[in-house]
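Novice: Sequence:
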Amino acid sequence: MGEGISGEVGLAAAPYDQWVLLGPAEGSSRPSARYKHAAEVIQDKLYVVGGSRNGRSLSDVQVFDFRTFIWSASNPTRDQNQLNHENNAADQPFPALSGHSLVNWKNNLVVVAGNVRSPSTLNKVSVWLIDVETNTWSALDTYGKVPIARSGQSVSLLGSRLIMFGGEDNKRRLLNDLHILDLETMMWEEVKTAKGGPAARYDHSAAVYADQYLMIFGGSSHSTCFNDLYLLDLETLEWSQPETQGAHISPRSGHAGTMIGENWYIVGGGDNASGSTDTIVMNASKFVWSVVTSVSARDPLACEGLTLCSATVDGENFLIAFGGYNGKYNNEIFISKVKPRNPVQPRLLQSPAAAAAAASVTAAYAVITATDEKTRDIVATDDLDIKGAQPVNSSKKFVSEIEALTVEKCKLEYRLAEVRDENSKLKDKLDMANLSYGELAKELKSVQDQVAAEGSRCQKLEVLFLHITFDSLRL
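So the sequence shown is numbered by full-length UniProt numbering: it starts at 1 and just counts up by one.
Calculated directly from the structure, the hints in this document are not laboratory data. Just to be clear, a hint being listed does not mean it is correct.
[As the list claims (entries may be wrong)] List of simulated lysine-lysine pairs, DSSO-like, C-alpha gap at most 30 Å:
1. K124 to K192
2. K192 to K411
3. K427 to K409
4. K192 to K409
[What the hints assert, rightly or not] Pair by pair, the computed Cβ-Cβ distance ranges are:
5. G246 to L158: 23 to 31 Å
6. S400 to D211: 35 to 43 Å
7. D314 to N423: 50 to 58 Å
Here a beta-carbon is modelled for each residue, glycine too, at the ideal position from N, C-alpha and C.
Please construct the entire structure, taking both the sequences and the accompanying hints into account.
Specialist: Spelled out as structure tokens, the structure:
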């Protein structure tokens, strides 16, 4: 990690592809350290909303100005249009929450889901709007099939639609459902996708590429962390697992990601044993992973529950990381100036069915081409003899059989992938059952200990009663 910079030097002094500490201006104090917060950049300002510290959710909105390097508390007030609602007061603070998602929509902050302590929002996903111009907040009414409340979900913006995937509900059940909220109509829609999607998970990352594909990476169940990559075609609603190239990426959960062009940057996270030290990037058009830089194992960036945003300042792209927890809560900003990367020729993205068909056609074409060349040689050497044409018919029949077998092989491979995915989901259910069994076993042991203690106490009382009775008889 490079040396820190401050407002006196400016962002331009940051080196390419290295993390540096961004110190606040003199006299400006950092906000409370936290993790599982949410952050977004709007017009040269970083907005940090909520989070968790020492088991308590936070309700503050903090703002960092990249021009002045000054931190300030926003303290938004309730929107005047909602003051007539029951129990709504102008000084009512923004709800305390953690594990939520934050999206910049039309230069306003849309807050979705998360752990909320309000009794009225325990069962369904809540949505709030923070107007940064008027510094007011409002609770938005949503319609349709509103999803169950959750945290650790991913929320991605595509046009005026929010795409929400997965998370963990209030009963600690893991989810892999997909919901879309139209911000123009505030209507929720539950989307049914084809089989073969990601196993239920939370604390993963997601991004939209080419306005058509939703990418899901990593996350965890209650027993394991993932390093898998899934792709959802938002037009066909088919899932696929593209074959990636480049660096090997370790499993991680609680990381953060952001898109810059066709490059998906990911930092932080962990695998329940240690924090991830590498900052990685995937070229979404070629599915090639690369390691941008690495930090030490005890570095604040090797943590879970941090946020990662991107911003363009004076024509340069920057990654902006804030907060997180790695045994210690963090409240510092780290930035990395993004080195321009050479564009690569996009790979054609296909659904599983299309990929199987394309593979069979390609294989058949290769065999036919090779066979036709051999056939032409046979015809030429036999001086157009009728007998020389017989291998041509035989070869064509052979090609047809090969093509049929190739298609069947692709179908079997696709079915095998579905079976493996189903096995993975069953394993997650088994893990949850084992977890519940363990908790019930602990409760049973506790009750047994209480019963044993009460039995011992009763026995002592009986002995005492006999002694008293015996003493009274002697008198």
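Novice: Next step is simple, just say for each hint if it's right about the structure.
Specialist: Right, here's what the structure says about each hint:
no.: 1; hint: K124 to K192; in the structure: holds, 19 Å
no.: 2; hint: K192 to K411; in the structure: holds, 22 Å
no.: 3; hint: K427 to K409; in the structure: holds, 27 Å
no.: 4; hint: K192 to K409; in the structure: holds, 27 Å
no.: 5; hint: G246 to L158: 23 to 31 Å; in the structure: holds, 26 Å
no.: 6; hint: S400 to D211: 35 to 43 Å; in the structure: holds, 40 Å
no.: 7; hint: D314 to N423: 50 to 58 Å; in the structure: holds, 51 Å
The structure meets every hint from the earlier list without exception.
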